[in-house]
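Peer 1: Sequence:
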Amino acid sequence: MSGHSKWSTIKHQKGAADAKRGQLFTKLSREIIVAVREGGGGTTPDSNFRLRLAVQKARDSSMPMENIERAIKKGSGEGGGEILTEMTLEGYGPGGAAVMVRALSDNHNRSVQEVRNIFNRSGGSLGESGCVAWLFDFKGVITVNAEGQDADELTLKAIDAGAEDVVPGGDVIEIYTKADELEMVRQALEEQKVTIASAEQSLVAKTTISLDEKQALQTMKLMEKLEDLDEVQQVYGNVDFSEDIIAKYQSQAV
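Counting in my numbering, the sequence shown runs from -15 upward without gaps.
Think of the hints as simulated: they come from the structure by calculation, not from any bench.
The calculated EDC-like cross-link candidates involving lysine to aspartate or glutamate, where the alpha carbons are at most 16 Å apart (straight line), are:
hint	residue 1	residue 2
1	Lys232	Glu208
2	Lys162	Asp121
3	Lys57	Glu22
4	Lys141	Glu175
5	Lys205	Asp224
6	Lys162	Asp149
7	Lys190	Asp121
8	Lys232	Glu197
9	Lys190	Asp224
10	Lys232	Asp196
11	Lys141	Glu174
12	Lys177	Asp134
Quick list of the computed label-pair ranges, beta carbon to beta carbon:
hint	residue 1	residue 2	range
13	Gln234	Gly132	21 to 29 Å
14	Asp136	Lys162	21 to 29 Å
15	Asp144	Ile67	41 to 49 Å
Positions of the beta carbon are idealized from the N, C-alpha and C atoms, including for glycine.
All chains, please: the whole structure from these sequences, using the hints.
Peer 2: Written out as structure tokens, the structure is:
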């Protein structure tokens, strides 16, 4: 699971830039809109589990409450808004890395073409449905900032709360749960005064692979370019990026 943790670290470090250009809030708003329409539990977080997760994720990212409320209204049909369709696209990155892309789009064909173009330009290829999905599990992932944390103590608290695994990943510690037990574990940790940085349901690679430096850097660039698409909500991969590769990638991005 370390590949997920390291890519999440990179995303957290670039998250401030995303927020500045408004892209992050746009993605979070879309998540809320679809959660209201498809969550099957109404327009309040208490009655709609998917909406509760989407709203909490938005709050974790410091999204203003008025933006959250506006997105909920759009999802319920107030004020119109685009019709968004959920999509999951699968492909291969440089060196055979497995890449999963989750998108919310108002134009399926356009989004598929945009994703395909990025794969092709980045040394990868878009695959058929199911080609790499079997390499991932659907999990709950809770992120805690590592600074000031005793990893062993946090691990005990997490296991007691019902977590399946705890993985340190540099600046963050990630706690893995069953997908449907994410909220239960989160609440139990908060009751134990653990400060949660983020919590979401996510695809996590069952096993990870290592790539040479060139392929690893190309894969990081591929994943970032995919995430920069407005319609793309999340990108998942199965590469275990070394600390040296991460440092080199970040130095090139400056």
